[in-house]
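Put the complex together from the two separate chains, hints included.
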Amino acid sequence: GAVVSQHPSWVICKSGTSVKIECRSLDFQATTMFWYRQFPKQSLMLMATSNEGSKATYEQGVEKDKFLINHASLTLSTLTVTSAHPEDSSFYICSVTPPLASHEQYFGPGTRLTVT
Amino acid sequence: DAKTTQPTSMDCAEGRAANLPCNHSTISGNEYVYWYRQIHSQGPQYIIHGLKNNETNEMASLIITEDRKSSTLILPHATLRDTAVYYCIVRVIQGAQKLVFGQGTRLTINP
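Quick note, the sequences are listed as chains R and V, same order.
For the first sequence, our numbering assigns the number 1 to the initial residue and increments by one for each residue that follows.
For the second sequence, our numbering assigns the number 1001 to the initial residue and increments by one for each residue that follows.
Just chain V, with the same shape it has in the complex (with noise of 0.2 Å):
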């Protein structure tokens, strides 16, 4: 799977749009963007993942460069509880497959 890079933090005010970037820049035609997030001491949530489109679900929206070099996760409304470390992934969809965390960003939601 390809390496990501991402900021290792990142503050945002409560009510704002918190927009967190990724670099994907080796990624493979059949990679998949993915992101998940961590809140402290708790397991990863799933929050959405794309191709090449453009995503939105109720949690985010996912905006992938055309190249595909590179993507943003948004947090259109910021709360005090998106505080969590966010992980951005990139892999294939063929079967149950491992996922390979990088380091991820600290964001941090300020009131």
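In isolation and in its complexed conformation, chain R is listed as follows (with noise of 0.2 Å):
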């Protein structure tokens, strides 16, 4: 069965507004989630790394104040788009790695981001 969900599957709105995506890991709890956005016929970008309880780690050019995220649990990390814009339109993937084996990664199924 699944061992990470995402919702929603897909969401579409406007330019301007905010969008939040939820991450939840399902088999076991995780300190770390990772945040991964995909373009068309692009590969993987990691966008930051989410801790639980503490402040995510961003990646090179990754805006942290447009993409918020916040791990309050174990079992949730969410990416609020901010102020979204048509070039935010894109693919955003979370992965879970569990405690005991940390080499491990699970991804979710993704959330596909239409601006319009």
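It cannot be assumed that every hint is accurate.
[Unchecked claim] Straight-line C-alpha distance at most 20 Å; calculated SDA-like pairs for lysine to any residue: (1) K1098/V with Q6/R; (2) K1098/V with Q38/R; (3) K1098/V with F67/R.
No lab work stands behind these hints: they were computed from the structure.
None of these values were measured; they are calculated from a predicted model.
Structure (structure tokens):
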């Protein structure tokens, strides 16, 4: 069965609005979750590392004030795209790492965001 | 993490073995070779990983050369559902670490 869920699976929003994407670890508590972004016909690019109870670590070039990450519990991390613009349209994917098998990563099914 | 090089695309006939190569000539002694695949519009799926010995599981086999500078992922009896982008990644196993994805190989299984 699924180890990681994401909600919503797809969303369409208007330019200037904010969108929240949830990533849930279903089988274990995850102190670390990762957020990736994938544009059409491109590979996955890591956006940030989400750490439970502390601030997320953002990759170079990713605006932390635009992509707000909250990892408030051991099973839930959220990514909020603030003031979305059409160029933010992408496939957003999260992954989780089991606490006793930290070399493994399980990916969520992804969330397709379209900003009009 | 070391960089990997993979062919952009490959084709394979259904029922035949699909052999996907990966070059990682700068791999370090403590880096593992991981393979993931991504079926269209889905999240990546773990396939297999290894350090220096050949590995096999229910999905695939991983053959790593003796000098560890390259490897081959083998899908023994490819099906149409194996059509996906396959990513070869090298990384250390040291806590929760991000994965750095290259462009991968787009494998198409033809009927």
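Hint by hint, which ones does the structure fall short of?
-> none
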